[in-house]
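**Q** Given chain S's structure and the hints, the job is docking chain E onto it.
Chains S and E, in that order, are what the protein sequence lines are. Residue 1 is where the first sequence starts when you use this note's numbering, and the numbers rise one by one after that. Residue 363 is where the second sequence starts when you use this note's numbering, and the numbers rise one by one after that.
Note that these hints are calculated values from the structure, not bench results. All clues given are correct.
Once the Cα atoms are required to be at most 30 Å apart in a straight line, the calculated DSS-like pairs of lysine-lysine come out as:
#  : chain 1 : residue 1 : chain 2 : residue 2
1  : E       : 503       : S       : 132
2  : E       : 479       : E       : 382
3  : E       : 382       : S       : 65
4  : E       : 503       : S       : 110
5  : E       : 455       : S       : 65
6  : E       : 498       : S       : 110
7  : E       : 455       : E       : 492
8  : S       : 110       : S       : 260
9  : S       : 132       : E       : 498
10 : S       : 110       : E       : 492
These stretches of chain E come out as covered by chain S in the derived footprint (C-beta under 8 Å, 3 or more residues):
#  : region
11 : 375-386
12 : 406-419
13 : 430-437
14 : 444-452
15 : 489-496
C-beta: ideal position from N, C-alpha, C; glycine also.
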Amino acid sequence: MYVAVKGGERAINNAHAWLAEERRGDTSFTELSIAQIREQLSLAVNRVMAEGSLYDPDLAALAIKQARGDLIEAIFLIRAYRTTLPRFGASRPVDTGAMACDRRISATFKDLPGGQVLGPTFDYTHRLLDFKLAAEGETPQAPERDATQGLVPHVTEFLNREGLIEEAPHDDTPPPDLTREPLEMPADRALRLQALTRADEGFTLSMAYSTQRGYARNHAFVGELRIGAVPVEMEIPELGFAIEIGEVTLTECETVNQFKGSKTEPPQFTRGYGLVFGQTERKAISMALVDRALRWEELGEDNQGAPAQDAEFVLYHADNIQATGFLEHIKLPHYVDFQSELELVRKLRREAEASLAQEAAE
Amino acid sequence: MKDATDSTEPRRAWMGLMAKSADGRVPTLLDGAIAARPAFTWLRAPEVGSVMVRGRAGGTGAPFNLGEMTVTRCALMLESGETGHAYVQGRRKADAEAAALVDALMQTDAAADLRAKVLAPLEAEATAHKSARAAKAAATKVDFFTMVRGED
Numbered sequence: 001m002y003v004a005v006k007g008g009e010r011a012i013n014n015a016h017a018w019l020a021e022e023r024r025g026d027t028s029f030t031e032l033s034i035a036q037i038r039e040q041l042s043l044a045v046n047r048v049m050a051e052g053s054l055y056d057p058d059l060a061a062l063a064i065k066q067a068r069g070d071l072i073e074a075i076f077l078i079r080a081y082r083t084t085l086p087r088f089g090a091s092r093p094v095d096t097g098a099m100a101c102d103r104r105i106s107a108t109f110k111d112l113p114g115g116q117v118l119g120p121t122f123d124y125t126h127r128l129l130d131f132k133l134a135a136e137g138e139t140p141q142a143p144e145r146d147a148t149q150g151l152v153p154h155v156t157e158f159l160n161r162e163g164l165i166e167e168a169p170h171d172d173t174p175p176p177d178l179t180r181e182p183l184e185m186p187a188d189r190a191l192r193l194q195a196l197t198r199a200d201e202g203f204t205l206s207m208a209y210s211t212q213r214g215y216a217r218n219h220a221f222v223g224e225l226r227i228g229a230v231p232v233e234m235e236i237p238e239l240g241f242a243i244e245i246g247e248v249t250l251t252e253c254e255t256v257n258q259f260k261g262s263k264t265e266p267p268q269f270t271r272g273y274g275l276v277f278g279q280t281e282r283k284a285i286s287m288a289l290v291d292r293a294l295r296w297e298e299l300g301e302d303n304q305g306a307p308a309q310d311a312e313f314v315l316y317h318a319d320n321i322q323a324t325g326f327l328e329h330i331k332l333p334h335y336v337d338f339q340s341e342l343e344l345v346r347k348l349r350r351e352a353e354a355s356l357a358q359e360a361a362e
Numbered sequence: 363m364k365d366a367t368d369s370t371e372p373r374r375a376w377m378g379l380m381a382k383s384a385d386g387r388v389p390t391l392l393d394g395a396i397a398a399r400p401a402f403t404w405l406r407a408p409e410v411g412s413v414m415v416r417g418r419a420g421g422t423g424a425p426f427n428l429g430e431m432t433v434t435r436c437a438l439m440l441e442s443g444e445t446g447h448a449y450v451q452g453r454r455k456a457d458a459e460a461a462a463l464v465d466a467l468m469q470t471d472a473a474a475d476l477r478a479k480v481l482a483p484l485e486a487e488a489t490a491h492k493s494a495r496a497a498k499a500a501a502t503k504v505d506f507f508t509m510v511r512g513e514d
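So that you can see chain E by itself, here it is in the shape it has in the complex:
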């Protein structure tokens, strides 16, 4: 299996973004972005399962099984033929369905609209959450460097 290539990179990014989204955000944003959801057929109805998360001994050595996480996945096909896949963290069938629809619609003319109305807000929320935690962590950084060392 090959690593990310340029052509798959944007898709990897939006799938990952939706996988980590807060509960209920993707359906809300999707329904705000389009007038009506398009018709589709299930290739794989939403199902909840687990993925075994692995770590590495010493951080960089041989892999070991750390424990599982819950994941919901599904796949669907639009009437126009595009297929959408979703893997989202947690037990979130409605979110998985909406994420698969976004994945499929991102391969249609609706892409620009969805990027602006679904993906961009999701990305902004994720960045805000991450920066807030990083800023709080930074405020607890110990400044050893500012101590007087008696060099003078």
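For reference, chain S alone in the conformation it holds in the complex:
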């Protein structure tokens, strides 16, 4: 007879104590500090902030340490913490045009005002292991050059004098919030963008890649990719005016896509949009491609039945915390569930054997 589990408390406590010991590793090596993770594994920290949907580098670093470097587990910890925080309000939409850019490139326009700024990129590195990093004591220093001050305009802004690029007209519709209301279909673009910006990087990358390989092909070029800090402003009701409450580093990607026109739209370049917390370039580009693929309906394109065009498929499978929660729960005790399955298979087996015996007798 199978029954639900009870007890096991001592085993669980001991398992967690061993987990803590394994997390610490060999004590003859120095323990990792939160500041070291924050400063030296900053792209892991950025991913945890983006997918955890909470901008706080110290918390993300703590979560990475606690999760022993398992980033999905770290994201889980951040999501759980996030739900304990009272919400003070929503910011004004950030102005990415006013970004202090560390990096700003365009794959499509060579001579853009403000220039092509590479920033601290892996691009053009040779992807050879650098054994100098295994030796301690290096303090690298980046060269500096006089910076011309001034805002760096969005590429599409000055490119669109001919009106060949789809506009993103100003709009102040309050956006839906999937942390407050369950995600339901049909999802408008604001809801899709919220789901995509916190979506799993690997899933988003694969979906984006599928559009490049021909599933809902939409010929994306990176019109502009920028990374840098933007101030965050919020209206403070008790003061009666807005103040800056902080500053976040964001990665923004705008794709331009060939579009031969439809019943409702003239031939033009359309746009996909990615905006993600932190320096998270692969994710932002992926987000822009998937955003564009999901826009087929509003642009009057054909539904090619491609996975990346299916909002329900994409949005309901993009969240790695939902996915891992459901996936991993099947390893937890299911003895009672399984008992009924076992009974059913035994019954079917008995019936099959009985009917075989009857056939043989006839």
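**A** Below, chain E alone, put in the same frame as chain S:
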């Protein structure tokens, strides 16, 4: 709600400066600027919460929710009646308290002193940090314009 007006602009500036300050700087600078912190009562004790940060589709279109950030806020009143508010980024109760005190004291005779000893150093540090990053970014600017194009 109205936008910034001339009268609120200086206050907006110092509140924003303290919101973005490095961890622990505001209490250190405040305690270096005044002999002793003035007595006050809490209107709202420091609390940590979140603010939903929004972006716009395509950079300029309809707003969407990008994700939250941590924020600490508090409000207090000096015995002389001035109220101070603070909203600072992160989980920083001590910084929020010091920022609210500075906000309140900036409405008193201590303003000039605090501007010189708290706000000016904060501003200088923020500018130095920003210029250093901008200078490093400038050094990675690609000079397509200097390429020989074969026009001659």
